[in-house]
Amino acid sequence: MLLTRKAEFSASHVCLNPAWTAEQNQAVYGNNANPNGHGHNYVLEVTLAGDPDPVTGMVFDLRELKEILNREVVDRMDHRFLNKEVPPFDRVIPTTENLATEIWKRIEPEIRREGLRLHNVRLYETADLFVDYGGRQ
Amino acid sequence: MTLTSRYRFSASHRLDTPALTPDENRQLYGKCNNPHGHGHDYVLEISVDGPVDRDGQVVNREVLDALVRQRVLARLDHKNLNADLPEFAATVPTTENLATLVRGALEEHWTLPARLARVRISETGRNSFELEVPNG
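Quick note, the sequences are listed as chains A and B, same order. Just so we're aligned, residue 1 is where the first sequence starts under the working numbering, counting upward by one. Just so we're aligned, residue 1001 is where the second sequence starts under the working numbering, counting upward by one.
Derived by calculation from the structure, the hints in this document are not laboratory data. Yeah, the Cβ is synthetic: ideal placement off N, Cα and C, and Gly gets one too. Just so you know, not all the hints are guaranteed correct.
[Unchecked claim] Here are the in silico distance ranges between beta carbons for each label pair:
1. B/Arg1054 / A/Pro87: 44 to 54 Å
2. A/His119 / B/Arg1069: 49 to 59 Å
3. B/Thr1100 / A/Asn41: 33 to 43 Å
4. B/Glu1107 / A/Gly57: 42 to 52 Å
5. A/Asp51 / B/Arg1069: 39 to 49 Å
6. A/Glu108 / B/Glu1130: 20 to 30 Å
7. B/Asp1077 / A/Ala127: 39 to 49 Å
8. A/Leu62 / B/Asp1077: 14 to 24 Å
9. A/Pro88 / B/Arg1126: 51 to 61 Å
10. A/Asn31 / B/Glu1108: 24 to 34 Å
[Unchecked claim] Far from chain A, some chain B residues (derived; all Cβ distances over 12 Å):
11. Lys1031
12. Ala1089
13. Thr1091
14. Thr1100
Start from the sequences and build out the full structure, keeping to the hints where you can.
Written out as structure tokens, the structure is:
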């Protein structure tokens, strides 16, 4: 059975490769390359796979999942400038893809430790743009 | 990694097939058979699948947006699907057929390194049609 929990965080970022010219950055990252940054209300949907416990009837305690998401993602990223305040985005460009990969890396071991499998990380940058990451390329 | 981008277009259509009688068409398509047609604010989701490149992206958004704008939205937005699209001169413009048209229009001009993985169209907030593009 799949279980999905949603979390939200608001953060600013800039997608800019310092080795490139402004034109090159504009061509690759569009208006995400504005050097002063800009913000989004990110919406994260984390999906776990597992069987309901025969006693509790639950795949996983949602409070525990909420705590993991708060600790590993929301507390670190909410109301932050990702490039300046949230490693590794001081050196990794905080595209939605790289953010989803980083979130996977941070929460996957926590989920695995609980005997469950992280199935998917979906991250909305805006209501109209999101990525899905299942741990493979 | 799969990236999904959402777009919108508004269009009118009428569902009616010459293969059936007027009565049969009315029965099959119901309100969608109204002779004067009717319209929807469609929501289109394009999913693109591939590895994250060294720029940290599955796909360059500007390139994807330009392709969808040019090859899909420019042809569909504020159009009468039956009257304005030659593809629907003899084919019923159901949203199923529309999804197939969108896939074809994108694949014909696809130059992105990532692959087109899915076309999803919501005709209204209550119904949507999803076309998975097989890998390879």
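We went through each hint and held it up to the structure:
1. B/Arg1054 / A/Pro87: 44 to 54 Å: Distance hint for arginine 1054 of chain B, proline 87 of chain A is violated at roughly 20 Å.
2. A/His119 / B/Arg1069: 49 to 59 Å: For histidine 119 of chain A and arginine 1069 of chain B the Cβ distance comes to about 33 Å; the hint is violated.
3. B/Thr1100 / A/Asn41: 33 to 43 Å: holds, 34 Å
4. B/Glu1107 / A/Gly57: 42 to 52 Å: Hint holds: Cβ distance 46 Å, inside 42 to 52 Å.
5. A/Asp51 / B/Arg1069: 39 to 49 Å: For arginine 1069 of chain B against aspartate 51 of chain A, whose Cβ atoms are near 45 Å apart, the range 39 to 49 Å holds.
6. A/Glu108 / B/Glu1130: 20 to 30 Å: Check passed, 28 Å falls within 20 to 30 Å.
7. B/Asp1077 / A/Ala127: 39 to 49 Å: Roughly 19 Å apart at Cβ, these two residues miss the hinted range, so it is violated.
8. A/Leu62 / B/Asp1077: 14 to 24 Å: Since leucine 62 of chain A and aspartate 1077 of chain B have Cβ atoms about 41 Å apart, the given range 14 to 24 Å is violated.
9. A/Pro88 / B/Arg1126: 51 to 61 Å: violated, 42 Å
10. A/Asn31 / B/Glu1108: 24 to 34 Å: Since asparagine 31 of chain A and glutamate 1108 of chain B have Cβ atoms about 28 Å apart, the given range 24 to 34 Å holds.
11. Lys1031: Its Cβ never comes within 12 Å of chain A, the nearest being 29 Å, so this holds.
12. Ala1089: Check passes; 32 Å lies beyond 12 Å.
13. Thr1091: At about 29 Å from chain A, threonine 1091 of chain B clears the 12 Å cut-off, so the statement holds.
14. Thr1100: holds, 23 Å
Hint compliance for this structure: hints 1, 2, 7, 8, 9 are not met, and every other hint is.
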